Every structure is written in structure tokens, then in C-alpha cells.
Amino acid sequence: MTDVLEYLVAALSGGGIYALLTIGLALLFSVMGLMNFAYGELIMTGGFAMYLLRDAPWPLMIVGVLVAVVAVALLTERLAFRPLRGASPLTLLIAAFAVSIMLQNAARMTVGPRAKGVRPWLEETISIGGVGVQLLDLVTIAVALALIGGLVLLLRRTALGVQLRAAAEDFEMASLLGVKANRVIASAFAITGVLGAVAALMLILKQGSVSVTVGSVPLLIAFVGAVVGGMGSLVGAALGGFVLGAVTAVLDAALPGELAPFRDAFVFGLVIVMLATRPQGLVPAPEARV
Amino acid sequence: MLAVKDLRARYGPIEALQGTSLEVREGELVGLVGHNGVGKSTTLKAIAGVLRPSGGTIEWLGAPLRGGAAATIRAGIAYVPEDRRIFAGLTVEENLRLGATTRTDADAVAADIERELERFPPLRKLLTRRAGNLSGGEQQMLAISRALLSRPRLLLLDEPTLGLAPIIIDTLFETIARLRDEGVTVLLVEQNVAKTVRIADRLYVMAPGGRIERSGPAAELERSPEFRAGYLSLAPAHERKAVTP
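Chains as they are written, first to last, in my numbering: chain A, 1 to 290; chain B, 1 to 245.
No lab work stands behind these hints: they were computed from the structure. If you're wondering where the values come from, they're calculated on a predicted model, not measured in any experiment. Glycine included, each C-beta is placed from N, C-alpha and C at the ideal position. Among these hints, one or two may not hold up.
As the list claims (entries may be wrong) - Which stretches of chain B does chain A cover? Using the computed rule of at least three CB atoms under 8 Å from a CB of chain A, they are:
1) 61 to 74
2) 87 to 94
3) 180 to 194
Let the hints inform the model, and build the full structure from the sequences given.
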């Protein structure tokens, strides 16, 4: 029973973080065909903001992280991706790698190449049913749920949200109806910035340090999660990210010491099996019936 | 109102339109007919801003129409593409509201949605349903209503009856004729020439390469034996002769 509860908390916490990341990836992919491999650097930006603001009060640091990550997300859109609007997916992909490398090197030159420690927070362990659960995990679950809930409300209940969903499904038709491309795409980048900032806070608090490559593995897992869930569907992406994050977290907790280094082999082995049996992803993108 | 002059458009090396010229006057229902692949849909795509012309001009209200799809809708031209392109993952109501994206008069939009539901009663009970679950006919009704919600001065309809059941086709043609009576100017691309000729004020007959082979009042063309032989297949056998080269 104790183990089950531990695994459940680990699964919900890890799954929640990756669900946020995959939603961000899938949103940009749906709206503008961009697989943003510079997304890992948003996590890095958040991490370095945490490091630079390590002496500031927590509320100020959280706001600082949000502002820094959203600003970098919007800047990459304005300077790198907007001029390439309408370019082939391959061009966008290469641009994303270029942005990723550029941001990493900018961080190396300014903050430094070595890993930096961040101020620990929410490390307390509380007892639930006799099981010790870290407060950070509970906060992560709550924040991820709140953020996903907020995003669902935004997408379902607001004009911007409906326009985003329409643009994600058929960008050209949305433009033909008067949906403003710049506004929708910038909003999508801002949303991915918020999601990335929150994921960065949770991931880096868990790890305790930030380095230039801190976003690489989370990006890879989130990317695979988005593929598993179904690239063209936000619900699918969230589900894929959650499942992959949850499986990763559970394997982290459950694998015996000698097998722990092979965690990723287990995770991606499961991904191969899943894609072989359901190549369209867990939730395929909606298609109009003709 | 709309003047297309010597319009040229390409798909890669293929020049689909090699000099199309046509005109639509305010309040008219103009039909653009012709065989498959002659460039009718390409013409509408160029007017709608979906396809960039390689030559010629499109004038709207006396000024060149430029700026792509976003500029077209803001200029008052709504486009219903051949494959309808409703947003399958959105509800019917969300699709309708998207049609009014360019408008800020929320109360009037609500009234217009109500009017569209009166125009197409089957949509009323489907408002909360995902549009992807609608039948082809229902999707076409939705696509037309969505376009009308922008209160366009000109409605571009690309083969609205394609693949639909005969009873729905009749209803749609009646609706399109009524739209003209309500004051909406319509440029209609259709394969169903027999029905188009009955509701249109004027007709353009397109030949391969987008060349306008003949044009004139629909009633006049309908009486022409050549036109009937080539496009209506109603003329007696001894009157039939090839119209297209």
C-alpha cells in the first residue's frame, strides 16, 4: 500500500510536468507546424532565472522566472520564427535547432558553462496515510492540475482559445475567417512560455541545480510524449506527456539499483511497442467527414 | 464591384490560369461553370487570397485587392471552399462564432446566428455537437452560415453541392437564390450547370487554362443550342456539337 501511494504521487507529479511540456510542444506544432526543439532552452532560461534570483523572495523569483521564459519565448517567435512563417517544416526544424544552440551558447557566455545550484524549496516531507510524501510533489500535482484546468478554460471559453483551436486545426481557414495570425501565434508562444516556466520551476527544484543542457532530456521525453499522444491533438499530447512522465517517474522509483541506469531503455521500449500498435497516437487529430 | 482582369496563376510549372477575366456587379448571382480542371476553383482561390496570382489584377470596389486571405475577409469577401473546411474538432456554435471574428457587435452577431439557424434549421439541434460528426450536407450548411456571419458583401461559393444527396442539393440551390434576393452578391462555382443556370443572373463558361469561353445572362445562354449541347446535354442529338476545342 505504501509503495502504491509513493508510485502514485511520483506518477502524478512526473506526469503533470511532462503533460505541461507536451501541451506546449503540440500547441506550436498544431498552430504553425513548428516542432520547437528550442523548448528545452526555455526550461534552461527558467532555471538560470531561478539561479540569478536565488536571493529574492519566492514570489518575486516566480514572477521573474515567468517573465524571463515568456519573454524569451516571444523573442524567439518575433526574431526567428515569424520571418519564416509559411516555410517548410524542415526549415522551421533547422531554425529551431539554431535557436536552441544560440540560446545555449548565450547562457554559456553569460551565466557560465558549469551547473549552478538553486535555492531549495518545498523539501519538507509530510505524512499521508503513514507514507512520507515530499511537499514539492504535491505542489507540482496541484500546480499542473490548476494550469491544465486554466488552459482548458482558456481554450474552451474564450474567443482567443477558440481561435487558437481553430488555427491549430486549419490555420489557413482560420485566417480566411479573419483570425489574426500574428496574435494567435504570439499567444501560442506566450502560453508555451508559461507552461515551460512552470515546468522549469518544478523540474529544477526537484533536481536542485541548473545547467546549460538541463532542458535536453525533458524536451526529448516531452517530444516523444507528444508523438505518443498524437501530434495534432492537444488532448492527445497532454495524455501522451502525462503517460510518459508518469511511467518515467514510476520507473525511477520502482527499478532496482542495477536496472536504474536502463530506465530510458524501458521507457522508449514501451514507446516503440505503443507506436507499432497505434501509429496514429493515443488521440488522433480530428478530421472532417466529407 | 469585383473585376478580375487577365488573371494568371500557377501550380509550380503548370499555369492553371492563363488570363481569366470576369466581373461581378453588386447584387448579382454570377455562376462560373465549366468542365473539371479548367480553373474555376483556382480563380476563386486567387480572389480569396489563398493562391497568389502570377499576373493580372483583381479589383475590388475599384481598388486592387492585395494582402492575402486576411485582407480579403476584412474587405468584405467571404469564401466557402470546395471541401468546406469546417473545424471538425470545434462545436457547431464555435464554428459559427468564428465566422464573426472580424465583427465587434456582439448583440448583432447573436441575432445573425439566430437568423442562420432559421435559414438552416437542422443546425439548431446540433449547436453543441462537434462539427466533424456532422453529415456532408450539414457541414455545407455550417460552412455557408459561417461565411455569412461575417456579413460579406461578396460570397464566393466553390462547388457547394459536391457529393451531396439530391434533396440537399435542391435545398442549397434554393438557399443560394434566396441569398441573392436578400442582397448578398454571390460568385458561384458549380459543376451542376443545369441548376446553376436556373438561379444565376449571369454565367461565365470557363475553358481549359481559365479562358472564358462565353459569358452572358444565364437565361440567354440557357437558350443557346451550343451551350445546351456542351453543358446541359439537353439539346436534341442533331443540334449537339463540341463546344470546347
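Hints versus structure:
1. Residues of the region 61 to 74 of chain B lying with their CB closer than 8 Å to a CB of chain A number 6, which satisfies the three-residue condition for coverage.
2. Remark: the region 87 to 94 of chain B is confirmed as covered by chain A, as 5 of its residues place a Cβ nearer than 8 Å to a Cβ of that chain, reaching the required three.
3. For a cut-off of 8 Å, the count of residues in the region 180 to 194 of chain B with a CB near a CB of chain A stands at 0, and the three-residue condition is violated.
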